[in-house]
Amino acid sequence: MTDHHSDIDSVTGTSTTGHEWDGIKELNTPLPRWWVITFYLTIVWAIGYWLVYPAWPLISSNTTGMFGYSSRADVAVELANLEKIRGDKMVALGAASLADIEKDPALLALARAKGKTVFGDNCAPCHGSGGAGAKGYPNLNDDDWLWGGTLDQIMQTIQFGARSGHAKAHEGQMLAFGKDGVLKPDEIVTVANYVRSLSGLPTRKGYDAAKGEKIFAENCVACHGDGGKGNPEMGAPNLTDKIWLYGSDEASLIETISLGRAGVMPAWEGRLDPATIKAMAVYVHSLGGGK
Amino acid sequence: MNKTVNPNDLTSDDDYGPLYAARKKVYPQSVSGTFRRIKWGLMAFCLGIYYFLPFVRWNRGLGAPSQAVLIDLPNSRFYFFFIELWPQEVYYFTGLLIVAAVALFLMNSVGGRIWCGYLCPQTVWTDLFYAVERLIEGDRRERMKKDKSSDPTRLKRISEIVLKHSIWLLIAWWTGGAWVLYFNDAPTLVKQLVTFEAPMIAYAWIGILTAMTYVLAGFMREQVCVYMCPWPRIQAALTDEWALNVTYRYDRGEKRTSVKKAIELRAIGEHAGDCVDCYQCVAVCPTGIDIRNGPQLECIQCGLCIDACDNVMTKIGRPKRLIGYDNDINIHRRQEGKAPVYRIVRPRTVAYSAIIAAVGGIMIYILATRSLLDVNVLHDRNPVAVRLSDGSIRNAYTVRLLNKSGYDRVIAIDANGPANATIHVIGVDSVTPDRPMIVIPRDSTSELRLLVTAPADSNPEKSIPVRFHVTDIGLGEAASATDNFVSP
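Residue numbers (the numbering used here), protein chains in the order written: chain A, 20 to 310; chain B, 885 to 1372.
So here's chain A without its partners, still in its complex pose (with noise of 0.2 Å):
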């Protein structure tokens, strides 16, 4: 090996490293001074890093660093630090009768806009992100209301549910009149068409009215009343109006006879704080104006 510190690369006036490859000879070019200091300079960093970071992973931990930081600590201060910015105002909301609520626009606001986040965390995936509900599911935009549509009885549906197993929650259920035996399939048929003909829906050809009506005075009317005006203390629909929960066609209404109906609302009282609650039941309530 030739001494490289002496060969001079002639085109370029730079040293060579003595590596030649078919007559091509590789440059010596060093790295500037200041590149390498600061190459030494982030080792240095590195190392001040690991001690005053978490850094290192152990078998069941890892290593804390010199001041014991943690970016979960951060998001508690943080999250800390919202709490009591907003915690007046929740105060104020917890305060206030959820009447005062809905009349003062500042809280009414607040209760929009915490009811609406915590509806499309909470409620969102049964009753859609808006409240337009579905099959099953009740539309909490329109103006019925089976459990009542006051802000009071909102709220309580809110809190307790319906067949949640809450103790306060609402109970009763459409029975399964068909599957327990109660009415044979072919009073079924005549009930639903009956049931139909409440609302002004068409009937089935050759369809006993009288029969019907009977069937329903028997069976129907303790829970929906006389005429099928429905109660809300039982959470029995009103049959009269356009507004059905599982489908006003003749197929439908048949299953719902012969197999019964009993969803469930969950219970949200320890889920949620009573503010939040109270702003739930505010925004449900301002979405269709309940009743």
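Simulated from the structure, these hints should not be mistaken for lab results.
Honestly, I wouldn't trust all of these hints.
[As the list claims (entries may be wrong)] As a list, the in silico DSS-like pairs of lysine-lysine whose alpha-carbon atoms are at most 27 Å apart:
hint, chain 1, residue 1, chain 2, residue 2
1, A, Lys122, B, Lys1288
2, A, Lys122, A, Lys154
3, B, Lys1346, A, Lys154
4, B, Lys1288, A, Lys108
As the structure is a prediction and not an experimental result, all values here were calculated from the model.
Following the hints, complete the assembly by docking chain B onto the known chain A.
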């Protein structure tokens, strides 16, 4: 193998040259005269506005900011004396930018790079930094000598350098400080800054702008104009032969000769140029060029060479303005013995003026007639329509009312859409049926949930337009917005 080339044998015509040119430091000499005075005046004017405008007060009534010019980012408001703009009105700035751009074109077609030479912040601050440098280190010759030969470790030299940079940093820091004052109440923020209670972001911005001012005006200087700024390239394409530029009148200056020789030549009745090759125009130039080489990209047309040359011409008893605002057309006319012509009014300048007048007029008109009451409507999307128990159809809307005035308003809302429809605003008990009324506090928006219910028999097949009309029942001001009413 290729033939060997000795690097020393390479000429600039070869492919192997240095890739980058080193900066040649410029040492502008001090000069006095008309254009220098204009520059001092404009510098004082521009910097005076920039540094002190945040402290100008403007009474907008209780509860509103009292700063004449304020960009209130947290509340999304821009205040400019009697004007208060909301975020949705940023299009006014489009108009402002159009006017600014065309004004730049107009300046350019009348008097060349007036912006660059007198008004550009880069010029103004560099000029100020040069003045400081001159004050501490002396004029051109002294500075050149000190940079070249004097021992930088000598105490006097060190103290000079430290003093110069300290003053530069002080100016730079004040520049950054003034900037943040436009975004917050100035007296309050100054107090907070002094007591270290100001928000971190304020200190960060001061730091950034201090560094930028210090680097751009203290070190980069003319390189910003020559290498970084796009305007020299654009303006060259926008200019025409009639535009007046700082020009060396070579018809008069050539052929250059000495004072003595010129007197001798003139004595025997021969022509002699007025230029005595004294290089004063080069010495004072802040970009270090020779104006006698004709128009060039580096020339920011600050007019200082005019002053320098005028002083020399006065001394040697020749007429002033060997260098002056002129163009090549006139040089040729003079060479042909004709009188020079100055055409300030020509299609180009008329067109620019017309555009400025038109856009400015439109802006003033829009600003003067702008409504202080506005309404936006957003239709509910999920569900778009709801069937009620009696078969009627309801659509819900989010209505946003904007009260841009300085007083509270009582607003009545009407909706004209489907026949016999009723409207209801959540949380509002209407005194007048179907005409909900609400109070909107001054300078604020109010978001309402509005329900429109059409009777069952209306049953629209298609969507029906519905017009929301809001009226200030006290003043009669009104605004409206249109949306659609649909059936499920």
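**Q.** Broken hints, by number
**A.** The structure conflicts with hint 2 only, although it agrees with all the remaining ones.
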